[in-house]
Structures are given as C-alpha cells and as structure tokens.
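**Student:** Protein chains in written order, with UniProt numbering: chain A, 1 to 250; chain B, 1 to 455; chain C, 1 to 481.
Be aware that one or more of the hints could be misleading.
Not close to chain A: a few residues of chain B, all C-beta gaps over 10 Å, as computed [what the hints assert, rightly or not]:
1. D9
2. Y14
3. F54
4. R75
5. V120
6. T141
7. G146
8. N169
9. A188
10. G386
Simulated pairs of lysine to aspartate or glutamate, DMTMM-like, Cα-Cα distance not exceeding 20 Å [to be verified]:
11. A:K151 x B:E391
12. C:K377 x B:D360
13. A:K182 x A:E209
14. C:K355 x B:D389
15. C:K425 x B:D343
16. C:K352 x A:E52
So, partial list: chain A residues that the calculated Cβ filter (under 7 Å) puts toward chain B [as the list claims (entries may be wrong)]:
17. A48
18. K50
19. P72
20. E73
21. L77
22. G92
23. V93
24. T101
25. A102
26. E105
No lab work stands behind these hints, which were simulated from the structure alone.
Beta carbons are placed, not taken as given, at the ideal position from N, Cα and C, and that holds for glycine.
The chain contents come next:
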Amino acid sequence: MLSIKNLYVSIEGKEILKGINLEIKPGEIHAIMGPNGSGKSTLANVLAGKEEYEVTEGEITFMGEDLLEMAPEERALKGVFMSFQYPVEIPGVPMVNFLKTAVNELRKYRGEEELTAGEFLKLMREKKELVELDTQLTNRSVNEGFSGGEKKKNEIFQMALLEPKLSILDETDSGLDIDALKRVAHGVNALRNPENATIVVTHYQRLLEYIVPDFVHVLYQGKIVKSSGKELAFELEEKGYDWIKQENGL
Amino acid sequence: MSVVAEKADLSLKYTAHYNEVKEGLLEDSADILNAPRNQAFRDFVSQGIPTRKFENYKYTNLQPAFIPEYSFMHRREPVEVDLNNAFRCDVPQLDTHLAYIFNGWFYDRGSQVGNLPEGVILESIEKIAHEKPELLAKYATLAKTGDDPLVALNTAFAKDGYFLYVPKNTVLEKPIQLINFLQAEKDAFVTQRNFIYVEEGANVQVISCDHTLNLNTYLNNSVTEIFVGPNASFEFYTLQNQHNSTTNLNSVFISQSRDSKATTHYATLHGGLIRNNLKYILDGENAEANLFGMAFIDRKQHVDNFTQVVHAKPHCQSNQFYKNVLDDEATGAFAGRIHVVRDAQKTNAFQRNNNLLLTDKATMQTKPQLIIDADDVKCSHGATVGQIDEEALFYLRARGIEESKARLMMMNAFAYEVVQRINIEPLRNRINELVDKRLKGEVARCHDCAYNCDC
Amino acid sequence: MTDQDKILAEVTQSDYKYGFFTDIETEIIEKGLNEDVIRTIWEKKNEPDFMLDFRLDAYRKWQKMKMPNWAYLKVPPFDFQSISYYAAPKKKPKYQSLDEVDPELLETFKKLGIPLDEQKHLAGVAVDAVIDSVSVKTTFKEVLAEKGIIFCSFSEALQEHPELVRKYIGQSVPVADNFFAALNSAVFSDGSFCYIPKGVRCPMELSTYFRINAANTGQFERTLIVADDDSYVSYLEGCTAPMRDENQLHAAVVEIIALDRAEVKYSTVQNWYPGDKNGKGGVYNFVTKRGICRGESSKISWTQVETGSAITWKYPSCILLGDNSIGEFNSVAVTNNHQQADTGSKMIHIGKNTKSTIVSKGISAGKSDNSYRGLVKVMPGASNSRNFSQCDSLLLNDTCGAHTFPYIEVGNKSSIVEHEATTSKIGEDQIFYCNQRGIDTEKAIGMIVNGYAKEVLNKLPMEFAVEAQKLLQISLEGSVG
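Looking at chain A on its own, in the form it has when it is part of the complex (with noise of 0.2 Å):
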C-alpha cells in the first residue's frame, strides 16, 4: 500500500530524515517510535504533504502512485489520513460546516452523490458514538476551545468519518489520560479492517498497549536504526531509547 524508499527530508536546510525505508501492507498496523526529535512528525507530515518539507531525495508510493507529486488534499481523497499532534484552532469555521464539505468532497471524488443535510447528521451521530465524543462540541468552530483530550478524539471522529486507507497517528496518545487514551483507541481499532493500514508515531510504549502494532521501527537521528515485532516496544520501554544508541554505536 505504502512504500517509502531511501527518503530524504529538509526543513529550512535542515536534513532532518536521512535515508527512510519503509513498506506498509493492507492490514497492517505500524508503530515508529523514536526520541524527541529523531523525525518522527517530520515523517508523518510529509506524508500529509506539508510544504516546508524539502524532500531532497527518494520515492514515496501510495497505492503504486507517486505521493509526493500529490497535493495534501489529493492525498486525503485517496485515503490518507493525518491525525495531528496539534490540531489547529480554526475560529469561525463550524465543526459541522467543515465535515460535511470534507465528507462530500471525498463521495463526490468517489463519484458518489453528496449527502443532504439530514443524512449527513445522521452519519455524524453514528460515528460520535464511537469516540464518545461530546455532541456540543461539533456545534463550535474547528478545535477552538477544544480540550487536548477533547481534540484528539475529534481527530479519531473525522478518521471515522472520512474512513481512509492509511491512518498516520501522530503522537496520538500525549497529553491524554488513561480514559481518553483508551477511548481513542477503541475508536482506532474499531475502525480496523483488513483493507487499510496504520501507522501508530509514539514516543511512549503506552498507546501501543491499545493499538498492537504488528511491527514497530525505531527511528533515531533521521534513520529507522531498528525494526521488529511488538516486542520491540517492550523492550524499548523497560532500556530506554539509550540502549538504542549503544546498539547502533551512536
């Protein structure tokens, strides 16, 4: 589904990812963990498309096209889906407004008709259930207001909403306690299927409790220097990400 060759990313002239591999398949669940800084949101966002990325080398293909050719919108309608670690506030676009227009620009993309009104919150109601998000809040503007909890699981409801492919959840889990945390990954694996993928951007193991990654790379100092089962994150979480470092002689 996703394949990810010898990538190179700048930021400001900053070479920040240095040489990333990475295949995903229908199904699968993938965690990149990684110390602060090591390129972890830098990955996530130039999958999402965002332009002070320089990619100064390599390939990215999304289901056998070129991704990076792609503009953020393209890529949503093709079912990639950001969950961001800062979700902006957007003052005086309504919730409600702003979903719609994404639902029905992704059906009418699909060629399919564009919901009404009434069908529309129809299926809003649906999905709020699944993160038991607080129906008052689609009533106010995009985020504004919003709780760090309460932001983060309006990411998850727009993930059930627009159903992509390709989930990226970029550090999902922080600033969330232990109920929200959960909440959150309910909604994720409910929407599990074995058509689409995800990939899980942590620092902590903690998430992964919920989410059960299939595989978990580690990346560090813009390379993944480490790759394996679940397991890996257990480990990580009980030596610490200095272990890493001594293993690759860092």
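Got chain A; can you put chains B and C on it based on the hints?
**Tutor:** Frame of chain A, contents of chains B and C only:
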C-alpha cells in the same frame, strides 16, 4: 489645469454654488435647520475639501470626488419609479418597519412602515423640523461643523433625511429598516441628514441599506446624529452596496447616556469610494459601545473606516472589531482612535483590526490609536495585515478539501467573526450568504436591482 | 546587597545628578543663524569644500521648511535666532595625551562617571566624548586602527578621511529630510565618525558621551557609522546636560549604513536634563536617527532608554533595502513631571524577506505625556516580509497620559504585519505583594518598572544596562503620592 488651480476652482465652485442656492435652502426649511447653515458653510470653506494632508484623511483624498459636475438634490423631486417594483431588499423573513430615502429625501409614499408602537415617530426630518422642532433641540450638537469639513458641508446643505424617535421604555419588536438609494437623471450630489433619539429604557434596532439604482456618478454626504438615553439599547446595521462610481461619505455620531448599550455594524460589500466616520461619546457611566465593521472590496474600490471612541465617563466599555478583505487593486484604510479622558477611570477599551490582502496590488493602511489620560484603565489595540493562516489551510486540505475551497472557507471564517455579532438572525444569515457570494466573486447585491448593472 | 539593591539604595535620594555646570572657557560665536554663520563654522572647522555646499544646501532648504507640528507635543515657540550655533571649549582639543586636557573637563567626565583613562581601558570601551558638539577626546584609537577601524570625531574624519565622509554623509538622512535634520546638516559642529572595514568585528564597544555645557547654545552633533561588508559593531551613546532654567535645543543626526551582511547595534541612554518638577528648563531633544540596511542580510538594531529631556521627538528608523535584512527597535521611554515624549520607530520594508521588530515600553508618571508613534511600511516588492510590533504603556497615576499612534501601510500580500498595544496601570496587587514582603512602594514600583522594561534592558550592553536601570529609578522618583 494645474492641481493648485483646480483646488482653488473647486472651493470657488462650491462657494458659488452655496451663494446661489442659499436663499432657496433657507426659504423652505425650518429655523432649526437654518440656524447653523451660514456658519457651517464658513467652516467648510475654512477647512476645505479633505486631502491626504489632513491627518484625519491621511489615507483618503476626497478632492477628485468633488470634481465632477453634479446636480444638487436640494429639492424634493417626484419619484418616477415604483420603488416597490424597482427594488426589493430581499432579506428573507426580515419583517421590518420599512421606509425609503430617495436621493437623501425621506419618501413617504410606498413605504411599509406598518404599525409602530405608540409614540414612536419615523418621519421626514424636514417635517419634524417644521412641526415639532422641540424634538430636534439637540440638532447639530454632536456633529460639530468646526471639526470636520464633510459635517460642515452637510449642515450647510441639510434639507431632509429621516428622523426616528423612540419614547421612554418602548421596545420595538421589529427592526426599523431604512433603504437609502440614489437614482438621478444626471450625476448627483446628495445630502442626507438623519437624527435618532432613543429615550431612557427604550430598545430599537435599525437597519440602513445604501444602494444605487443606475449608473450615474454619485456623491452622497450623509450625517446621522444619534442619542441613546439612560439604560437604552440601540443597534444600528449599515449595509453598503453601491456601484463603483459612487462616493459614499457617511458620518455617524452617537452619544450614550449611563447604562446604555449601543452597537454599530457596517458591512461594506460594494462601492467606489467609501468613507465611514463614526464617533462615539460615552457620556454616562457604565455605558457599552460596540463597533463592528467588515469590508470586502475589489477592483479599484476604496474603503476607509475612521472611528473615534471617547470615553468621557468612568466605568465604560468599548469594543471595536474591523475586518477587511482586499482583492485586485482595492485599497483599504482603518483609523481607530480610543480616547480616555482624564478621570474616566475603570475604562475597558478594546480594538482589533485584521486585514487580508489577496493580491500584491491591494494595499491596506491601518492606524489604530490610543490616547489615554486616566490610569486605571485596560486598553488594547491590535492590527494585522496578512494572509490566510497556512497551518489552518493545511489542516483543511489534509481533510480532502480542495485548496480554493479551503481558502474560501478560511475567508468566510475570517469574516464570520464579525458576521456572528449581528443579532438579527435573518439579517445575519443573509449577510453571511452575501459575504460568501462576494468572496466567490459572484456579484452580490442586497436587492434584485432592476437594472442588473455589473459595475 | 545585590547590585539591584545598591542601585535602588543609591537612587532613592538623588535628583538629576548630572545637573552640574563646568566652568570651562568656551568659545561661542554670536547668536543667530545666517549664511555667514555657516561659513564661519565651516572656516573655524577648516572643513573641505564639499562641506560648505552641503551646509549651505541644507540651510537654504531649512529656510523653506516649517517646524513639524504633527507630534503629540506642546512645543513652545522657539526662536532659532536666539541661540548660538557654535560653542567649543576654548583650548582647542588637539590632545596628544590626557595630561593636556583641561583639568576641569576631566573633572566633568569624572562626575559623569565616564573615566577617559585606565578605568575605561579595563572596561574595554572606546570612548569619544563630545562637549557642546565638539569632540574632546577619543580613546583607544590606536588599538582600533590596527584593525583598520576608524573611530574619531567628525571633524577629524573630515580632515583625514574626507572621501569616506563624502561618500556616505546624507545617505540615510538626506539634508532636507525634515526641519531638524536640515538644521543639523547646516550647522552641526562635531560628532563621531566610525568606519568598520570589510570582515572586521569591532573588538570592543564604541561609545560616545554627549554633554551640553554652555548656556544659550544649541547642540547639533552628527554621527555617521558605516559598517562595510561582513562587519560588526556595537555602539553606545550617552547624553547629559546641566540644569538650567532656560531650555536648550538639541538637534542631532545619526546615520548608519550597513552593507552586505554587516550588523550594527546602536544603544542610547538619553538623560538630558528633563527640567525641574514644575516643568521649568530642560532640553528640547529633536533627533533624527536612521539606519539603512543597504546590503543583503544586513542588520541594524536600535535600543534606547529615554529618561531625559523636557521634550523628546525621536524616531530611530530602519530602511530595509537589502534582501533578508533585519531591523530592530527596542525602547523604554520614561516621562515624569512635565516631560513630553513622542518617540517610536519607522521600519520601511523594501527588500525581499526583510524582517523587523518593534518593542516599545512607555512609562508615564507625574503630569507627563508619553506617546509612541511608529510607521511600518511594506512596499509592493518586499515579498515575504514580516513585522511584529509590541507597544505597551504603563501609567503610574491619573494625571499623566499614554498614547499610541502606529501607522501600518502594507502593499504586499505575502507579508505579515502584526501590531499589538496595551495600556494599563501599574498593578496594585503587585505593589501590595511587595509591600507585604516589606518592600516600600517606591522601591516596589522601581522593581516592577524594571521588570516591565526588562525585555528592552536586556538588549543593552552590560555596563549600559546597569546605568539604565538606575536612570529608570531616578526618573520615577516622587512619582507615587
């Protein structure tokens, strides 16, 4: 002709005109309107037509707007068109007490004023000046001719406009709607003088819409004086939607008594050159003033909002929120002055002006000012000129919303912060729609203009 | 005792401590101004010919100009014929060593806390001292000369480096820029000149002390700083004047030119005599300071602490001509008693990717008026430019005024300009908190004000920062009832 010569000629032209029509102006007007006339004209001559050399007109040169050979609308002329047909201000479900002002003259035929609560007067100021001059005792006390040449010129020429009186403790359920439009055979210079008196404990909403009905060049110089009594509530919505050869000079003065609340809301959707002078005097304790404005202009349109809020008494609050979206070669200006006079303690004054430039040829000039002579105050102002927030834009695009649509959403959101402060729901919805159309580049008019002119 | 306590302790007793007058024999020319006076100045200073043209050109333009009246200031009418335009210590300052300097003069500098001798050597600051517009002593010249740095009085520069002066004078501030700049260009008597050659980082702070001494004279000095490609210099300016009942006029011009990748930091502690508690006397300070970032990626930053002068009219500005150039303005302005200040900055963005920051902290006390006035202008070609301005005002009582007049003019869609301003009263809860901890109100205010101004004070070089803190404290003395 040299510029200097032209300027001299302009002054001479208006002086000659005044001398020519003076007798006529005095003849059929009531004393109360006539009393300040001569002094007002002298004040106009001594100040002159504003150019950029006037600090208060730094970003708007009015000289060119005074050059065309206008016909002056000093007399009430019979209206030839059926206003109700030519014009439908189709704000849906907007149930209002409706009156028309035609070339500055209050037009009583065809208006749909309906049943006003007892004691409420909505009339021609000319008529009130003759019949109940005591109601105009404060005429020309807020709009001082020595302070501004446009006010001076208006006072010299003033013949008619609307008059609104709301008696003590009277609450109007429906808004008053005034539709001002311009339609003359030739290029016209229009003077409109309005007066609103809201008594203690009264409550009224007023909607004023400015329109043009044909393609002639217009200069409309209007002055409105508004008195808001103790504990009264007053809302004033102005919708400006005129064609590109119109100069709209709009001066509004509001004096507030204790515990009163007054709100003005300007939506500028279209126009050639627009200058909104707005001055609030918070002249009683615990008064609250709200000034909102938004402008969406393109081509070579120019809009200049000039506000002054004088905190003359302690414990008052004022909020100003102005937004502009400028496209093509449009030019925008905002000058907002907050003046807290000595001893007006416990003042809260807030002001914000945000602007979006959509092209490199559009320009914005903003001049927020604070003059503070009391110490126990909280005052702030902020101004920004910039573009759409790229972070937010990316968020929308990452959800599959196409860039142009995302931009439009962001622009609507930018405007919405001001739009949402409209308290009349159908009006808010309608303006929201108009703003959306305007931003999409569709010609948005508040009415089905029978002339369908795209200008 | 911490440094801060010492400062506070020291200042709680003092009035304007620089208000002494030094009895030095001074040569003063006749009062009044005409072309002959200008020729006289030119002759006395033995200047090259081009300077006479420069001066006369300025004078002729000045005659046609009017004193600006747009500032929020009440400026009493000033008779420009009533003052003398040239006053200099009589013993012509051509000193080989300090021993030759008039002992009275040395005493003056001691009182000012400006040791021209060893002490300052240790401090590592090169000083040019200007009394009544004439440079009397420049230290460290030899050390600087080794690096090719020219730091000398303006008169000396005109004798020894006329071509350099000719090339750069009037570039940042054209002769007819404004009324006071034109007057200065016509009659300026001396000042400092500084040239940093390509690739040189000036190893020490360069400093000029200005002192008005003689009565009934105006002080018109001129500073010109040129930083060639890839160079760096930090420049300090301090000013004091004696206490006199009548007003003294000060109309200086400072020009800075930064070439490719050069950086100039210009710091001022302005403490001209502010007049007495009733508003009598004091310096009228009308100053034009402007830097032009002519080269790409060049940077000019102005930092000022303004506590003196009866009237201050001053807008240190940056013209950001080179692509990627940066302008900064950091200011603390304190007004007390009857002082009036109208000060701020102009940032003109012409080059691409230019950035500017304005931080202004106004503090008003007594019956004073303190205004910020600034212009941020983004020209159509200045793509991706950025400005942020923060202008805060603090009011200490209910008889003073704080005013803010920013002008923002943007003609480029890819640029972002943001302006924020707040006005507030000193926090009673903060003072109470200090009181409760045993700190008296005056001291508490000093602390709070210093904290409020810290963002700017931190930008000053170390020894200046201490002096500036002291000044803030002194200026606000007696401001609480």
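**Student:** Next, verify each hint and record whether it holds.
**Tutor:** Outcome of the hint check:
Separation of D9 of chain B from chain A is adequate, the least Cβ-Cβ distance of about 49 Å exceeding the 10 Å criterion. Once the 10 Å rule is applied to beta carbons, Y14 of chain B is consistent with being away from chain A; the minimum gap is 45 Å. Distance check for F54 of chain B against chain A: the nearest CB is about 35 Å away, which clears 10 Å, and the non-interface claim stands. Here R75 of chain B stays apart from chain A, with its beta-carbon at least about 47 Å from theirs, past the 10 Å limit.
For V120 of chain B, the requirement that its beta carbon stay farther than 10 Å from each beta carbon of chain A is met, with the minimum near 36 Å. For T141 of chain B, the requirement that its beta carbon stay farther than 10 Å from each beta carbon of chain A is met, with the minimum near 40 Å. The Cβ of G146 of chain B lies farther than 10 Å from every Cβ of chain A, with a closest approach of about 42 Å, so its non-interface assignment holds. Distance check for N169 of chain B against chain A: the nearest CB is about 36 Å away, which clears 10 Å, and the non-interface claim stands.
Every CB of chain A lies more than 10 Å from the CB of A188 of chain B, the least distance being 39 Å, so the non-interface label holds. For G386 of chain B, the requirement that its beta carbon stay farther than 10 Å from each beta carbon of chain A is met, with the minimum near 15 Å. Restraint check: the Cα-Cα separation between K151 of chain A and E391 of chain B comes to about 16 Å, which is no more than 20 Å; the hinted pair holds. Simply put, K377 of chain C and D360 of chain B have alpha-carbon atoms about 14 Å apart, close enough for the 20 Å limit, and the pair holds.
Straight-line distance between C-alpha atoms of K182 of chain A and E209 of chain A comes to about 10 Å, which keeps the hinted pair within the 20 Å bound. A distance of roughly 19 Å separates the Cα atoms of K355 of chain C and D389 of chain B; the hinted pair therefore holds under the 20 Å criterion. For the given pair, K425 of chain C sits about 13 Å from D343 of chain B by alpha-carbon distance, which is consistent with the 20 Å threshold. Note on K352 of chain C and E52 of chain A: the hinted pairing holds, with a Cα-Cα distance of about 19 Å set against a maximum of 20 Å.
For A48 of chain A, the interface hint holds, the least distance from its beta-carbon to any beta-carbon of chain B being 5 Å, beneath 7 Å. At about 6 Å, the closest approach between the beta carbon of K50 of chain A and any beta carbon in chain B falls short of 7 Å, and the interface hint on this residue holds. Interface restraint check for P72 of chain A: the shortest CB-CB distance to chain B comes to about 4 Å, inside 7 Å, so the restraint holds. Below 7 Å, beta-carbon pairs count as interface contacts, and E73 of chain A has one with chain B at about 4 Å; its hint therefore holds.
Interface restraint check for L77 of chain A: the shortest CB-CB distance to chain B comes to about 5 Å, inside 7 Å, so the restraint holds. At its closest, the beta carbon of G92 of chain A sits 3 Å from a beta carbon of chain B; the interface hint therefore holds under the 7 Å criterion. A hinted interface residue such as V93 of chain A counts as satisfied when its beta carbon comes closer than 7 Å to some beta carbon of chain B; here the least separation is about 4 Å, so the hint holds. With 7 Å as the threshold, the beta carbon of T101 of chain A comes within range of chain B, its nearest partner Cβ sitting at about 6 Å, so the hint holds.
The closest approach between the C-beta of A102 of chain A and any C-beta of chain B is roughly 4 Å, which is under the 7 Å cut-off, so the hint is satisfied. At its closest, the beta carbon of E105 of chain A sits 5 Å from a beta carbon of chain B; the interface hint therefore holds under the 7 Å criterion.
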